[in-house]
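Each chain, written out:
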Amino acid sequence: MGQLLKLFKLLNADVSPMQIAAGIAMGMILGFTPLWSLHNLLTLFIICMFRINTSAVLVSFAVFSGFAYLLDPVFIQTGEFILAYPELKPLWTSLYQQDIWRLAHFNHTLLMGSLAVSLVLWLPLLFIARLLIIQYRERIMTWVLKSKVVQALKASKWYSSIQAAASVAGLSK
Amino acid sequence: MKMIRWQGFLAFSLIVAAIFLSFYLFAASFIKWGIESSGESAFNAKVNVNSVKLNYSPLSIAINGMTVGDESEAMVNLFEFERAAVSVDFWKLMMGQVIVKDLDLQGLAFGTTRKASGLLVKKSGSQAGDEDSISDDVKEGLKEVAEKAPDAKTLLAREPLKTDAAYKTLTESIAQKKTYWADVEKTLPNKDAVKLYEQQVKALFEGDIKSVQDFEQRKKKLDQLKQDMKADRLALSQAKDQLKEDRVALKQQFSTLKNAPKADYEHLKSKYGLNAGGIANISGLLFGAEIGNYSHTFLHWYNKAQPFIARAEAMKKEGEADEPVRAKGRFIRFYEKNPQPDFIIQKADLSLLTPQGTIQAKAKDITHQQALINRPTTIQLTADQLDNIHGFSSDIILDYRQEPGLSTATFDVAKLVIADQKISGSNKLALTLQLATGVINGSAKLSEGVVTAQINNQFNQAQFKSSGQSSMAREVGAAIEGIHDFDLNIAVKGAVDELDISIKSNIDNKLKSAFKGRLSAKKKEWQANLDKALNERLSGYLTKVDPNLGLGDGKGFSENIGQLDNLLKSQLTDYTAQQKAKAKKEADAKKAEAKKKADAEKAEAKRKADAEKAKQKDKAKNKLKSLF
Chain S
1 MGQLLKLFKL LNADVSPMQI AAGIAMGMIL GFTPLWSLHN LLTLFIICMF
51 RINTSAVLVS FAVFSGFAYL LDPVFIQTGE FILAYPELKP LWTSLYQQDI
101 WRLAHFNHTL LMGSLAVSLV LWLPLLFIAR LLIIQYRERI MTWVLKSKVV
151 QALKASKWYS SIQAAASVAG LSK
Chain B
174 MKMIRWQGFL AFSLIVAAIF LSFYLFAASF IKWGIESSGE SAFNAKVNVN
224 SVKLNYSPLS IAINGMTVGD ESEAMVNLFE FERAAVSVDF WKLMMGQVIV
274 KDLDLQGLAF GTTRKASGLL VKKSGSQAGD EDSISDDVKE GLKEVAEKAP
324 DAKTLLAREP LKTDAAYKTL TESIAQKKTY WADVEKTLPN KDAVKLYEQQ
374 VKALFEGDIK SVQDFEQRKK KLDQLKQDMK ADRLALSQAK DQLKEDRVAL
424 KQQFSTLKNA PKADYEHLKS KYGLNAGGIA NISGLLFGAE IGNYSHTFLH
474 WYNKAQPFIA RAEAMKKEGE ADEPVRAKGR FIRFYEKNPQ PDFIIQKADL
524 SLLTPQGTIQ AKAKDITHQQ ALINRPTTIQ LTADQLDNIH GFSSDIILDY
574 RQEPGLSTAT FDVAKLVIAD QKISGSNKLA LTLQLATGVI NGSAKLSEGV
624 VTAQINNQFN QAQFKSSGQS SMAREVGAAI EGIHDFDLNI AVKGAVDELD
674 ISIKSNIDNK LKSAFKGRLS AKKKEWQANL DKALNERLSG YLTKVDPNLG
724 LGDGKGFSEN IGQLDNLLKS QLTDYTAQQK AKAKKEADAK KAEAKKKADA
774 EKAEAKRKAD AEKAKQKDKA KNKLKSLF
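Residue numbers (the working numbering), protein chains in the order written: chain S, 1 to 173; chain B, 174 to 801.
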């Protein structure tokens with residue numbers, strides 16, 4: 001909930017929409033693919049090294065992990081298709097001879113399928129998320145902030161305590 | 174705005190370091206938990222590990238004190254071991270393959286007692302003992318040996334005899350037929366019925382026919398009577414035929430009864446045969462109990478291993494499956510120069526603790542994917558010194574590279590010492606092998622659940638001791654005591670849960686020759702007694718059986734049929750003919766009367782003429798007399 005609140009604040013703050021969108025896109029990779037895989041070490045490295053919003057990564061990771069439970073069969077089918085694709089077989093065979101690729105579990109159907117889907121969706125998701133954030137800030141943010149629900153939330157003790165906690169943690173603007 | 178944040182590298186390094194540090198610190202605990210939880214799901218019983226120690230260079234795991242419960246027995250371990258050192262290929266492990274380079278397992282023991290229940294879930298009572306074991310059957314057979322060749326009276330009382338069965342069949346058939354014919358005879362016309370027909374026919378023929386109508390009425394009644402008589406005749410005729418058939422059937426059964434004692438005699442003679450051939454299977458009955466126990470033990474462990482074999486098969490098939498496993502995925506294999514299975518123990522050294530001593534085992538290539546390495550799993554067992562066994566060795570090959578899989582085993586025992594081995598504990602014939610030394614070798618195959626095994630035993634310096642109650646038991650005991658060298662060849666074939674065990678031994682031949690001489694006299698006496706007893710029984714039965722087999726002779730039926738046939742011949746002539754006949758009869762009567770009258774008159778005239786003639790003659794005579 002804290003992360004969600006933080007994301008909500010970020011959306012409303014002047015953090016670059018691209019940073020948030022990149023966080024959502026990277027979170028999707030973490031969420032869709034098996035977590036304890038070698039490629040996620042690289043994903044984590046990219047998240048740390050580049051100015052990608054980590055809160056967006058964490059929220060996106062949680063959301064896309066939930067979707068992954070539903071989409072796993074699709075990922076497996078996709079992985080089966082890719083790994084069995086005749087034109088690609090020589091490539092997979094050559095990769096199979098190298099320990100580093102074996103270590104990356106590239107030949108696992110779920111990993112291959114989910115990673116392939118994630119990579120295909122990564123760029124569209126990046127731009128769509130960026131566009132939506134911009135649109136949100138321009139059109140919805142004001143309306144949302146004025147909405148009765150948000151006003152009621154802001155007036156609640158719960159919000160105050162979260163706000164206080166966020167201040168202590170240096171999260172508040 | 175800068176794209177790269179260098180402090181992120183520090184964060185990344187810290188995260189990675191934290192992951193590796195956690196792994197380093199908690200890996201042993203994690204592995205211990207992993208072994209226990211995966212073990213419990215595999216064996217469906219409690220799995221406990223005392224401690225796990227992890228070494229990183231080279232990667233090896235030492236597991237101390239592991240017990241695996243037996244899901245079928247709460248207070249028994251399926252197995253336990255004191256220490257296991259496992260050397261694992263780290264890189265392959267990271268790639269999802271468990272390549273155990275070396276496994277050193279010490280203090281492995283099966284069926285040990287637990288201090289606390291090993292069940293994961295509460296189970297109902299053990300099913301052990303619900304079914305008769307093979308050894309129980311053999312023990313029953315052994316009991317029979319001790320009770321062999323009883324006297325004829327006991328034998329006839331105990332054995333199911335064909336004579337008894339034939340008598341029972343005959344008496345039941347007679348009773349059944351009696352009831353049947355009693356019912357049938359009630360429906361058939363008896364003498365009274367035939368007499369009634371006679372009276373009715375006679376009544377029709379009595380008196381004058383007064384008119385055409387009267388004639389037709391009588392004729393109609395006669396026809397009706399004839400119809401009834403014909404039906405009754407048919408019934409009688411059919412009954413007569415059936416009676417004849419029943420008599421033949423009963424006679425056949427009677428004949429069977431008369432011949433049954435002979436068949437009984439032959440059967441009992443061959444079964445209890447006080448001949449040498451009759452005890453030819455005595456070795457099977459003597460040693461069958463012990464061998465039955467071994468086969469029972471084999472079956473026990475096979476049944477325990479079967480779920481794990483099935484799981485290994487399932488894993489193997491899973492690896493080869495064309496259809497993906499939903500939501501889990503699978504590793505796709507591609508060509509590689511030196512393929513390795515997903516799981517393999519390349520080399521294992523085990524010390525197996527048994528009640529008889531320690532057996533050393535060396536195994537190679539333990540995997541469920543033998544086809545990948547194109548080598549079967551091999552196991553070598555050796556034991557230099559076990560209780561009473563010297564020089565035990567066995568080679569086991571589990572070859573599942575192709576379907577169907579084949580497991581083969583060969584084994585040798587250089588010297589087996591048997592001391593005070595009770596063979597038969599029966600009070601009728603107690604037999605103990607006090608001392609013997611033996612050499613054993615054997616081979617076995619298991620494929621598709623079917624076992625084929627041949628075990629050859631050669632025993633020397635045997636000293637049997639026996640005691641028996643009956644003279645027969647004593648005879649058997651004495652003959653066995655005279656045997657000091659014998660072989661015992663055991664052939665096993667069949668499905669693992671339905672083993673057909675055949676035991677052959679030259680002990681049979683030795684007993685046969687020993688018994689030939691000893692029993693010849695008794696044989697004759699016994700056979701004569703048996704013959705006599707059977708004949709007495711037959712005589713007893715024959716006196717009880719009705720000579721007519723409970724059936725009539727059918728004469729009554731024949732008489733009634735004859736009378737009915739006569740009655741059926743009766744004919745009623747028509748009215749005109751009857752009138753003519755009457756007129757003729759009257760004319761004939763009148764004619765006869767006139768003739769009678771004329772004859773009388775003629776006779777009177779003749780009498781008168783004769784009288785006149787006599788009178789004239791007398792008169793002339795008198796006249797003549799008067800002349801003189």
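Warning: the hint list may mix true and false statements.
[As the list claims (entries may be wrong)] Derived, one-sided and incomplete: chain B residues facing chain S with beta-carbon distance under 10 Å:
1) Lys175
2) Phe185
3) Phe199
4) Phe203
5) Gly207
6) Val259
7) Val261
8) Met268
9) Gly269
10) Arg503
11) Ile505
12) Phe507
13) Ala544
14) Leu724
Keep in mind that the hints were calculated from the coordinates and are not lab data. These figures come from a predicted structure and were not determined experimentally. The beta-carbon is built from N, C-alpha and C at its ideal position, and this holds for glycine as well.
Outcome of the hint check:
1. For Lys175(B), the shortest C-beta to C-beta distance to chain S is roughly 7 Å, which falls under 10 Å, so the interface hint holds.
2. A cut of 10 Å between beta carbons decides the hint on Phe185(B): the least distance to chain S is about 4 Å, and the hint holds.
3. At a threshold of 10 Å, the smallest CB-CB gap from Phe199(B) to chain S is about 15 Å, leaving the interface hint violated.
4. Because the smallest distance between the Cβ of Phe203(B) and any Cβ of chain S comes to about 13 Å, over 10 Å, the interface hint for this residue is violated.
5. For Gly207(B), the interface hint is violated, the least distance from its beta-carbon to any beta-carbon of chain S being 14 Å, above 10 Å.
6. With a cut of 10 Å, the hint placing Val259(B) at the interface with chain S is violated, because the nearest CB-to-CB distance is about 21 Å.
7. Interface restraint check for Val261(B): the shortest CB-CB distance to chain S comes to about 15 Å, outside 10 Å, so the restraint is violated.
8. A distance limit of 10 Å between C-beta atoms decides the matter here; for Met268(B) the minimum to chain S is near 4 Å, and the interface restraint holds.
9. Using the Cβ-Cβ criterion of 10 Å, the hint placing Gly269(B) at the interface with chain S is satisfied: the shortest such distance is roughly 6 Å.
10. Taking 10 Å as the C-beta cut-off, the interface hint given for Arg503(B) holds, the closest approach to chain S being about 6 Å.
11. For Ile505(B), the suggested interface contact is upheld, since its CB lies about 5 Å from the closest CB of chain S, less than 10 Å.
12. With 10 Å as the threshold, the beta carbon of Phe507(B) comes within range of chain S, its nearest partner Cβ sitting at about 4 Å, so the hint holds.
13. The interface hint given for Ala544(B) is violated, since its Cβ lies 18 Å from the closest Cβ of chain S, which is over the 10 Å cut-off.
14. Because the beta carbon of Leu724(B) sits about 84 Å from the nearest beta carbon in chain S, more than 10 Å, this interface hint is broken.
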